[in-house]
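J.: From first to last, the protein sequence lines stand for chains A and B. Under this note's numbering, think of the first position of the first sequence as 1, with each following residue one higher. Under this note's numbering, think of the first position of the second sequence as 1001, with each following residue one higher.
Quick caveat, the hints were computed from the structure, so don't treat them as lab data. Keep in mind that this is a model prediction, so the values were computed, not measured. Mixed in with the good hints, there may be bad ones.
Calculated lysine to any residue pairs in the SDA-like style (CA-CA distance at most 20 angstroms, straight line) [unchecked claim]:
no. : chain 1 : residue 1 : chain 2 : residue 2
1   : A       : Lys159    : B       : Phe1122
2   : B       : Lys1086   : A       : Leu157
3   : B       : Lys1079   : A       : Lys64
4   : B       : Lys1079   : A       : Glu92
5   : B       : Lys1079   : A       : Arg83
6   : B       : Lys1082   : A       : Lys64
7   : A       : Lys41     : A       : Arg83
8   : B       : Lys1082   : A       : Asp38
9   : B       : Lys1079   : A       : Ile151
10  : A       : Lys159    : B       : Lys1149
11  : A       : Lys33     : A       : Met1
12  : B       : Lys1082   : B       : Glu1058
13  : B       : Lys1148   : B       : Gly1002
14  : A       : Lys160    : B       : Glu1058
15  : B       : Lys1079   : A       : Glu48
16  : B       : Lys1079   : A       : Asp52
17  : B       : Lys1149   : B       : Val1125
18  : B       : Lys1079   : A       : Lys44
19  : A       : Lys44     : A       : Lys64
20  : A       : Lys44     : A       : Tyr132
21  : A       : Lys144    : B       : Pro1092
22  : A       : Lys64     : A       : Glu92
23  : B       : Lys1149   : B       : Met1043
24  : A       : Lys159    : B       : Pro1092
25  : A       : Lys159    : B       : Ser1114
26  : B       : Lys1082   : A       : Asp52
27  : A       : Lys47     : A       : Ser77
28  : A       : Lys159    : B       : Ala1081
29  : A       : Lys12     : A       : Asp52
30  : A       : Lys160    : B       : Met1163
If you want the building blocks of each chain, they are given just below.
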Amino acid sequence: MKEKIESKLREKFPQAILEVTDFRGDLTFLVDKNSIVDICKFLKEDKELSFDLLVDLCGVDRAKRKDRFEVVYHITSLKNKFRIRLKVRVDEKDCVVDSVTSVYPTANWHERETYDMFGITFRNHPDLRRMYMPEEFEYYPLRKDFPLIGIPGSLSLPKK
Amino acid sequence: MGLESKLGPSFITTTIDAVVSWARKNSLWPMPLGISCCAIEMMAAADPRFDIARFGSEVMRFTPRQCDLLIVAGTVTYKMAKVVRKIYDQMPEPKWVISMGACASSGGMFRSYSVVQGIDQFVPVDVYVAGCPPRPENLLNAILEIQKKVGKTSVLEFDDKPMIELPVINERKN
C-alpha cells in the first residue's frame, strides 16, 4: 500500500512531493503548499486509494526555523483501512494556504480553529471566523511568542 | 414582655428586619451555574446523603429571575464571563454570590490566557469556597456563611435598587 501511494503521488505530482518519511509505519508526505488541494482531490477521488476521510487538520509553530508554520492533514482511507499524513510548510510573511473545504467539508471548522490559534489564513474558505476566541481578539494564542497567561487587557470583561 | 402578655400565648413582638431576614436566609433559592466539575459536587450536595434541603436551599431554579443565590461552580473563561454577568444581572435584588472552587475563585490550575483569574473581577462575590472540587460539606458550609450574612441584612438596604436594563449580547456581525 505504501509503495503504491508514493509511486502514484510521485507520478501525478512530480514537483509537489518534497519529502517522504516513514516513521514506524506512519507515512508522511511534505508537499508544496500550492498543490495541496489538487493532491487531496486526487487522493480522495482515485478509485484505488480513496482517502475519503479527513480525520484532523491542525497547525504547528516551528518557532525560529525556516518556514515557521506547518499545516498538518491526517487523512484516512476507510476502504483500505490506511492512514497517511500530509504536511505543508508556510512562511510567516505569506501565511496563506488554500482551503481544502471543497474536497473535505469537515475541514471547515478545523481550518477556522487553525486560523484562530495560529493566524494562518485559508484562501477560499467559506466562513473564516475565529473558532474559540472572541472575534475582537487580536492575537493568536498558540504561537510560540504568545505568553501563556495572555496579554493583559486584550480580552474584555463585563463591568463590575 | 408587656405587650405579649396582654395579647396571649400566640403573639410575639419582633422587628420587621428580623422576620424578613429570617425568612430570606432560610429559603435561599440557588441558581446553579454549573460550568465544570464543581457542578457534580453541587449536585451531590443536593442528594439525600448531604441534603441541601436541611438548610432550605434545595429549590434550584434554572431561571435566574426566580433566584437570589448564584452558585458559580466551575471554570469561567473570558467568553463565559459575559454570560455569568448577564445571569447575575437578571437575578432580582437582593442577591448573593458563592464562588465555588479554585477555578471560579482564582482561575485554579488554569493559569491561562482564556480563563478569568477570579470571578470577583466582574461580579461581587460574598463567599469563596476552597477546594478542587470542594466537598459537598464545604458548599453547605458556604450556604451557612451566606445565611449568617443574610441574617444581618435590613429590609431597607434593598429598597430602591432598580433592575438593570439588560443589553443584548452575542449579536452576530454578519
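J.: Confirm or reject each hint.
T.: Hints versus structure:
1. The hinted pair formed by A:Lys159 and B:Phe1122 meets the criterion: a straight-line CA distance of about 6 angstroms does not exceed 20 angstroms.
2. Taking the CA atoms of B:Lys1086 and A:Leu157, the gap is near 12 angstroms; set against the 20 angstroms cutoff, the hint holds.
3. With a C-alpha separation of about 31 angstroms, the suggested pair B:Lys1079 and A:Lys64 falls outside the 20 angstroms cut-off, and the hint is violated.
4. With a CA separation close to 28 angstroms, the supplied pair B:Lys1079 and A:Glu92 exceeds the 20 angstroms bound.
5. At roughly 36 angstroms between alpha-carbon atoms, B:Lys1079 and A:Arg83 are farther apart than 20 angstroms, so this suggested pair is violated.
6. Of the pairs offered as hints, the one joining B:Lys1082 and A:Lys64 is violated, with about 37 angstroms between alpha carbons and a cut-off of 20 angstroms exceeded.
7. This hinted pair checks out: A:Lys41 and A:Arg83 have alpha carbons roughly 16 angstroms apart, not beyond 20 angstroms.
8. With a C-alpha separation of about 43 angstroms, the suggested pairing of B:Lys1082 with A:Asp38 is violated against the 20 angstroms cut-off.
9. Taken as a hint, the B:Lys1079 and A:Ile151 pair is honoured in the structure, with Cα atoms around 15 angstroms apart against an allowance of 20 angstroms.
10. Our distance criterion of 20 angstroms between C-alpha atoms is broken by A:Lys159 and B:Lys1149, whose separation comes to about 24 angstroms.
11. Restraint check for A:Lys33 and A:Met1: not satisfied, since their Cα atoms lie roughly 24 angstroms apart, outside the 20 angstroms limit.
12. Taken as a hint, the B:Lys1082 and B:Glu1058 pair is broken in the structure, with Cα atoms around 27 angstroms apart against an allowance of 20 angstroms.
13. Simply put, B:Lys1148 and B:Gly1002 have alpha-carbon atoms about 30 angstroms apart, too far for the 20 angstroms limit, and the pair is violated.
14. Using a Cα cut-off of 20 angstroms, the hinted pair A:Lys160 and B:Glu1058 is violated, with the two alpha carbons roughly 28 angstroms apart.
15. For the hint linking B:Lys1079 to A:Glu48, the alpha-carbon distance of about 46 angstroms lies beyond 20 angstroms, and the restraint is violated.
16. Pair hint B:Lys1079 plus A:Asp52 does not hold up; C-alpha atoms about 35 angstroms apart against a cutoff of 20 angstroms.
17. At most 20 angstroms may separate the alpha-carbon atoms for a hinted pair to count; B:Lys1149 and B:Val1125 meet this at roughly 12 angstroms.
18. Between the alpha carbons of B:Lys1079 and A:Lys44 the distance comes to roughly 38 angstroms, so the proposed pair goes past 20 angstroms and is violated.
19. A distance of roughly 34 angstroms separates the Cα atoms of A:Lys44 and A:Lys64; the hinted pair therefore is violated under the 20 angstroms criterion.
20. Under the criterion of a C-alpha separation no larger than 20 angstroms, the hint pairing A:Lys44 with A:Tyr132 is inconsistent with the structure, at around 29 angstroms.
21. Straight-line distance between C-alpha atoms of A:Lys144 and B:Pro1092 comes to about 45 angstroms, which puts the hinted pair past the 20 angstroms bound.
22. Straight-line distance between C-alpha atoms of A:Lys64 and A:Glu92 comes to about 10 angstroms, which keeps the hinted pair within the 20 angstroms bound.
23. The straight-line distance between the Cα atoms of B:Lys1149 and B:Met1043 is roughly 24 angstroms, outside the 20 angstroms bound, and the hint therefore fails.
24. As the CA atoms of A:Lys159 and B:Pro1092 are separated by approximately 18 angstroms, the hinted pair is consistent with the 20 angstroms bound.
25. Annotation: proposed proximity of A:Lys159 to B:Ser1114 holds, straight-line Cα distance about 18 angstroms (limit 20 angstroms).
26. Taking the CA atoms of B:Lys1082 and A:Asp52, the gap is about 40 angstroms. The hint is violated against a cut of 20 angstroms.
27. Using a Cα cut-off of 20 angstroms, the hinted pair A:Lys47 and A:Ser77 holds, with the two alpha carbons roughly 11 angstroms apart.
28. Our distance criterion of 20 angstroms between C-alpha atoms is met by A:Lys159 and B:Ala1081, whose separation comes to about 10 angstroms.
29. Taking the CA atoms of A:Lys12 and A:Asp52, the gap is about 18 angstroms. The hint holds against a cut of 20 angstroms.
30. The hinted pair formed by A:Lys160 and B:Met1163 meets the criterion: a straight-line CA distance of about 15 angstroms does not exceed 20 angstroms.
Violated hints, in rising order: 3, 4, 5, 6, 8, 10, 11, 12, 13, 14, 15, 16, 18, 19, 20, 21, 23, 26; the structure is consistent with all others.
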